[in-house]
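Below are the chains, spelled out letter by letter.
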Amino acid sequence: MRMQPLSIGTALTVMALFTACGEPNSPGVEYMPDMYRSPSMEAYLDYGQDPFIFGDSLAEAQRERQSARLPVAGTVPFSMDPSKKEFNFPYPYPATPEGYEQAGLELKSPIAMTQQAVDQGKVIYTKFCLHCHGEKGEGDGAVVTNGKYSQPPSYTAALKDLPEGKIFHSLVYGKNVAMGSHAGQLDKEERWLVTRYVQYLQNGGKMDRAVTAPADSTAAPASAAPAVK
Amino acid sequence: MPRPTRISPRSTGLFHALFFLILIVFAGSVRAQSADAALYGAGEKIFKANCQSCHKPHVKQATGPALKDARARWEGQGDIYAWVRNSQTVVKSGNAYAQKLFGEWNQIMTPQALTNEEIDAVLYYADNFVPPAPKGGDQPTPVGAPAPEAPMWPWLIVVGLLLAVVTLSLGGVRKSLTSAVREAEGQRPIGDRTGLQRLYHWAGDNKIFASVIGLSLVTWFLVAAWYWALTIGVYGGDTVEHYKPEQPILFNHTLHAGKADKNNLAINCQYCHSSAEKSKHAGIPSANVCMNCHKAVAQGRSDAGTKEIQKIYAAVGWDPEKLAYTGKEDPIEWVKVHNLPDHAFFSHAQHVAVGKLECQECHGPIDEKMDVAEQWAPLTMGWCIQCHNEKDVKMAGNGYYDELMVRMEANEKLGHRELKEYLEDEKITVKELGGWECAKCHY
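Line by line, the protein sequences give chains A and B.
If you want my numbering, it's the position in the first sequence, counting the first as 1, plus 4.
If you want my numbering, it's the position in the second sequence, counting the first as 1, plus 52.
Honestly, the hints are just simulated from the structure, not real lab data.
Nothing false has been slipped in among the hints.
The calculated lysine to aspartate or glutamate pairs, modelled on EDC-like cross-linking and capped at a C-alpha distance of 20 Å, are: (1) A:K131 with B:E410; (2) B:K483 with B:D444; (3) A:K126 with B:E410; (4) A:K152 with B:E96; (5) B:K311 with A:D144; (6) B:K330 with A:D123; (7) B:K479 with B:E455; (8) A:K152 with B:E360; (9) A:K131 with B:E329; (10) A:K140 with B:D313; (11) B:K97 with B:E169; (12) B:K388 with A:E46; (13) A:K131 with B:D313; (14) B:K100 with A:D144.
Interface residues of chain A toward chain B, partial, derived using beta-carbon atoms under 8 Å: (15) N29; (16) V33; (17) Y48; (18) N150; (19) Q155; (20) N180.
Footprint (simulated), chain B over chain A, 3 or more residues, beta carbon under 8 Å: (21) 129-135; (22) 185-194.
Where is the CB? At the ideal position from N, CA and C, for every residue including glycine.
This is chain A alone, in the form it adopts within the complex:
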């Protein structure tokens, strides 16, 4: 029975190895840390070598850094594309009741009311508005019905004559407290496209003006044009 202390020791070591992986927040082992971690700046940096096992100082330092940051103060998104020059200007109206009224009077959409704009707006509406405002804009989305959220006014009743400037203003700054600002999620072009779809809904789901261009189903949506490698 000379082997016993050794085998017990081995069993304990193996057990310790397995329980070391039991830390629920540990992202686990990696073969070659220098190929796992980018030396360049990356969004959401914290994927360093597991600090739970190795206590690596670099990983701990990365863990402490904030990876989601605000843009530098005073910068605006800018496009060199001449067809998007309308969207380069900062939004001039302040987030006050007066700004809201003024935007309603002065602000006009740079995007024509076409079937294509409405189709693209519908895609955005489905992702960003439908869960509160409902499929037809009557304020019966799932957040309202299941979530007991305050009901937004209907596009076909209370908001039937809301001008496009006010719709856009509400997207930029939010409206009341129930609707927050959507400027962070939608760029200016997307906001104008969804405004066109809201106007389409205000009109009861039909085009109110002459359709200037037929729906071009093969064109890529202008809103979704990421650089593809």
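Since the structure of chain A is already known, use the hints to place chain B on it.
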């Protein structure tokens, strides 16, 4: 000291009288209630149509004050009817209370074209509002992880130790018995051999049996080691336990993104992960996206949920009492779930905007049964290229492939031959368009 009153038989008459009095009062109130139920119903109807976007009857809403006791608050302050019909004229007329209200809320109340009777009904409804009883039966899943199961291994160790003790003692008994027998027969006792020496001698006596057992053991060990090695660094898929880190805020994906017919909110994935279509990363929503709704939603469906909402408020510095930001921010340290090594390139934009994949194809039933997000796919290279081999490219109406098709159709020699080869299985897979090229993902 006053003596405690006693109920004597003589006082029963008084009790009867009291009882009847109570009965009459009660009946009267019931009758009054039924008469006012109509008013309450009418008020409720008008309230839901015109007021509930901004007001709640019993609690202060985000946009406007609670309507309960509004009439009492306006008592002696001015004309509440005029205020409801057009608040701005009252403000401009110089009414002090109206100006105070407007300054406090900084919201122009939408003018309401209502008659005095209708306003009376709404105010009656608000003053007597009874919150509806919560729906029974379909209680939503509570936020937070289920209670962890008690681990099995302490019991296994106890059982193992017991078995070992039993085996050793039995072995000891057997050994002493054998020794006693051998001693009685005049042979050499075997007690001086160790366990390993005995095994060695036994193997020498049964060579074939021992080698078969040994070989199977080695094979089994190698196979097990191979399969175990395949799970190193893999934290999703069918073979291993999914990586499911504990997050600083227990956000419930099922509640927010789940199907509407299961009493969930059915918010589109991309409402919060809005950069999935535009960027390499799907993005962890910044807390202001949470606040788009949670400015107005301070109560969760359970107390645990309410506690998690408080954590958002602490992070963005929001005072739910004053409905204002305090400026004291404390970023939320989310734990990254999907850790793709840097030597493999992956872009959400390509897969969502061009490939038109649904989120669930890689992230699993995150909107159905993942209260807490976990890594569903293994994220191994085999998993990536298997999909690239099988999936057909959705080319119809997808502007990203128009140029490719034009060129293939224009080139009658090479292009047409390639197109024919690709279409042998009636689809063009990602692999056929170069989806298996090394440098597609590793560069």
